[in-house]
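Novice: Mind docking chain B on chain A? Use the hints.
2 protein chains.
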Amino acid sequence: MASAEIIAVGTELLLGQIVNSNAAFISQELAADGIYVYHHTVVGDNPERLKEVIKIAENRSDILIFTGGLGPTEDDITKQILAKHLKKDLVTDQFHMNKITEYFTSRSRTMTENNKLQAVIIEGSTVLNNDYGFAAGMFLKENNHTYILLPGPPSEMKPMFTRYANPLIVNENGGKTILESKILRFFGIGESQLAADLNDLIVTQVNPTIATYAGDNEVVVRVTATAKTKEEAAKLVNETEQEILRRDGTFLYGYGEVSLPELVTAMLLERKITISAAESFTAGLFQAEIARFPGISKIFKGGMVTYSAETKQSILEVSSQVIKEKGVVSSECASEMADNVRRLCNTDIGISFTGVAGPDSLEGHPAGTIWIGLSVKNHQTEAYQFVYGRDRNHNRRRAVKQGFQLIKQFLDANA
Amino acid sequence: MASAEIIAVGTELLLGQIVNSNAAFISQELAADGIYVYHHTVVGDNPERLKEVIKIAENRSDILIFTGGLGPTEDDITKQILAKHLKKDLVTDQFHMNKITEYFTSRSRTMTENNKLQAVIIEGSTVLNNDYGFAAGMFLKENNHTYILLPGPPSEMKPMFTRYANPLIVNENGGKTILESKILRFFGIGESQLAADLNDLIVTQVNPTIATYAGDNEVVVRVTATAKTKEEAAKLVNETEQEILRRDGTFLYGYGEVSLPELVTAMLLERKITISAAESFTAGLFQAEIARFPGISKIFKGGMVTYSAETKQSILEVSSQVIKEKGVVSSECASEMADNVRRLCNTDIGISFTGVAGPDSLEGHPAGTIWIGLSVKNHQTEAYQFVYGRDRNHNRRRAVKQGFQLIKQFLDANA
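Sequence order for the protein chains is A and B.
Per full-length UniProt numbering, residue 1 is the first one in the first sequence, and the count goes up by one each step.
Per full-length UniProt numbering, residue 1 is the first one in the second sequence, and the count goes up by one each step.
To be clear, the hints were calculated from the coordinates, so they are not data collected in a lab.
Please note that the accuracy of each hint is not assured.
Since the list can't tell identical chains apart, any single copy or any two copies may satisfy a pair.
Unchecked claim - Under the rule of at most 20 Å between Cα atoms (straight-line distance), these lysine to any residue pairs were calculated in the SDA-like manner: (1) 87 x 320; (2) 158 x 213; (3) 408 x 168; (4) 326 x 217; (5) 158 x 393; (6) 298 x 393; (7) 99 x 359; (8) 230 x 362; (9) 326 x 101; (10) 116 x 213; (11) 182 x 238; (12) 182 x 257; (13) 55 x 38; (14) 158 x 215; (15) 182 x 168; (16) 230 x 167; (17) 84 x 310; (18) 298 x 392; (19) 99 x 217.
Isolated chain A (complex conformation):
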């Protein structure tokens, strides 16, 4: 199996002025090809250091993919240094030279000498066309290594990689094995608990591999398998997925790049179910999250933020008896908030959030004690209690996600 290293050349990366998103893009593409990427390297526009980086990469990687340093300025040095290192000459690629000449002629502008540099390639390399710029790319096999040179700007690099470099890479290096990967998303279980539950699989399994990542109040699990065919790899992934779900399937909410709010709002839109919310300690966070999605006004009508006992009564019409006798951190208050907002906003679902955000306690309840009420037309109103920690804003974000999860569970159960 061929291994690749992505070498980004550019001092602006080392100054933190831009993020190396090119490496992530190429890595994703190569993972899909079944080619392992074991290293990313960033080095500045410095001849000596670039030369050293090339030597180190040749020692540990089969495919060296360079991004950046193909432009017209003095500090663009990638192909010059690599040519010298490989003891190759630089020659002009007529296709790119014509393109540059034409550009300047058609604009009646003077072409400077350094513009021509962008059409120069390393002798013996296959030219990779630049459909969105002037700098020619290169593909070169030499001494058991493959060298690929791509421009730095993502708008030029990405199409060049996808259209011209990647097919050559797959042809020369891929083919033998296929890599298949699946993302599982969990809510309501911590990363360490999930990792403990799956520990034997994570530690002993070589193919597929299992990796867990902590997201914002959620856990992401990636299952990755390699095999000779796509079907075989998918089958391996599927078997491991089933074993994971057998252990912690109750916490799974979705697959791939989807988020829980995205999933739930799509379900509401699909089924034309309208919703409103009454929020105390989350203070609008749930509604703000719903409104992130364009076109949501078809099902989202609005709601209340009742941050004080006073506004719970004045604008949300929660009874003074409930507030006096049960308090605002109670099942009764949550239920009444959900019922009232549903009635006042005239929607199918009303959801409510009340509780103690923290760090201080409230009405004798410790920080992190929260209630979520769910009022649905023609259904019994329910209130659910959760007990979180003392981190105020963590609790608020977690409660909002929990609210989406409760709606999803209701929709799943009443499909």
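Specialist: For chain B alone, coordinates are given in the frame of chain A:
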């Protein structure tokens, strides 16, 4: 002058699932310190390859900064591999161990063995506190090299770097000269405009240096001076600050790590001015932002999210005449929303947000057309129009910040 290398450890980076934004952040900070970063490296969760990467980095760099691989799972290996390489033991840091134990005890949850791993540090290292997580960071000097270990999640890494790692780095490696830095925060002016206004200073000035960063709808300017004494450095910073404020001082809202919402809520708390909000396209984002701050219930009472014309009338009592004749994207609607929420919630200030989030237009107004209403007891209600772009969630966040800015301007003018 010391040179640094940033080593990110994590297979998810090599698969392109996340972008190495940590390296860019740390590079920016080190550039401000006057420390050169010559290499970024990314390596996977693989003991052999990580060990080789450490050796290579020791050969070419003075300071090795690791990000990632400090978590509780089997594939978190950074400190284990480095300890072995340096022939050091791993010991428990009691501060982080207590933090982890307390977390699980307070939730009556079982602490798994792997959780404890996060409190383990390399013997002889200075602990870097993790204010937003459990994994301890480390700072270690050994054999003429400095080793810094930071967690991978940016929400944990950034504060740990800024608060604890960076002062140690500057102290140990900056050395002979004193570095003084000041952060100026601007709202209402774009980064490119500000950079153009300050271009001559940015280009020609060596000491102090001026760097501009685009934040979330704001611009941050850092002025950094070096001198023999703290007083001398502060004087240099102050002179440059005055020159910057002479040019763009009207857009300055604060200094240092403070945010505009934080500043405004502190002013409201200080002056005991109560507030409520009525939000249409921002849908709770303003209120959710206010409620981030503990103790805010003293002045924040709540409000409405009126996402439809219907709820604007039913729960916020906006007159049907205004909605019919002027529409919801109008000065009149914004004013009435602000007046009504102030009356219904019985507060000193009522603020309203109505407009077109985008990407589509509404009532003939293009995406990005917004109105903010400000109703204050014993003052004339005002409505302000702003025209933004087509990015829905960018517009929503920007409007919320604009709302805080309008309140600040009112409070400044009526001190």
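Novice: What are the numbers of the hints the structure violates, in ascending order?
Specialist: 1, 3, 4, 8, 9 and 17
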